[in-house]
Every structure is written in C-alpha cells, then in structure tokens.
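**Student:** Sequence:
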Amino acid sequence: MFRRCFCALFALLTCWPAFAAHVDQAFSMTGLTHEGDTAVLRFDPAPSATGKLVILGDRTHSEARTVAFSYRVLPVTPHAPGNPTLEMRFADKQSLTIFCDPLSDNCRSTDFVTEDAITFSLLWRIERH
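So for the sequence shown, our numbering puts the first residue at 148; every next one is plus one.
Mixed in with the good hints, there may be bad ones.
[To be verified] Okay, derived cross-link-like pairs now, EDC-like style, lysine to aspartate or glutamate, Cα gap no bigger than 16 angstroms in a straight line: (1) Lys199 x Asp248; (2) Lys240 x Glu262; (3) Lys240 x Asp258; (4) Lys199 x Asp252; (5) Lys199 x Glu262; (6) Lys199 x Glu274; (7) Lys240 x Glu274; (8) Lys240 x Asp263.
These are computed hints drawn from the structure, not numbers from a lab. All of these numbers come straight from a predicted model, not from anything done at the bench.
Make the full structure from the sequences, and use the hints.
**Tutor:** Right, dumping it as structure tokens:
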C-alpha cells in the first residue's frame, strides 16, 4: 500500500512541470497590497492568456479596482530543475515574474510592482477552485 501511495505521489510531483505550462482552467492567486488590502490575480484559461488584478479594498474600505494584464506560463524542461514560472505584463509596460513552489501553493514574485499607485507584496498564494 505504501509503495502505491509513494508511486502516485511521485508521479504527481514529476508531472507538475508539464501541467504548469498548460493553463486549461481559470485560477487565481491572492496577495496583499502595501495598505493591507487583498489583491487577487485572476488568470483566464488558455488560449486567452489574459487576466485581471483585482484590489478588493477590504481593509481600507475603498472601492474595488481592476487592472488588466497578459501572461504566459514558461515551460519547465523535464531534465532541468525549476519551478513553474508566470510572466505577466501590464498595460503600462510593467512586468512581473512569479515563481511557484511545485510542492505547495506558495509563490514569490521577483520584484515589487506598482499599479494604480498601489504596491504589491512579493508573496502570493494559489487559490484552488
């Protein structure tokens, strides 16, 4: 029994990089702004490669704001170690790259980005739907 569970877990973990390059369903990530509001990155499924950054205004009690972006999932080659990576580009030409841990729902961006006068944290969490 242990061997079957281990093999299933191993197969799932080794297939994650191949899965990550194809976004067939919508998904989202949550993070925080510098003011403590919740920020949600909503990714549309392929082939659209677009999404929305939604600032909820839940802590500052401000009106929710939305910023559009385009994205691409960078493929991970099977023989090279690496994490699933998202490259995002906003309308004002700012870009953001997010690396995700294949063993958890935690992600980290390479830099801070400021959109609509709001700066976002480096840490993001994948929300399962």
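**Student:** Run every hint past the structure and note whether it holds.
**Tutor:** Now the hints, each set against the structure:
no.: 1; hint: Lys199 x Asp248; result: violated, 22 angstroms
no.: 2; hint: Lys240 x Glu262; result: holds, 11 angstroms
no.: 3; hint: Lys240 x Asp258; result: holds, 15 angstroms
no.: 4; hint: Lys199 x Asp252; result: violated, 19 angstroms
no.: 5; hint: Lys199 x Glu262; result: holds, 12 angstroms
no.: 6; hint: Lys199 x Glu274; result: holds, 15 angstroms
no.: 7; hint: Lys240 x Glu274; result: violated, 26 angstroms
no.: 8; hint: Lys240 x Asp263; result: holds, 13 angstroms
In this structure, the earlier hints numbered 1, 4, 7 are contradicted, and the remaining ones agree with it.
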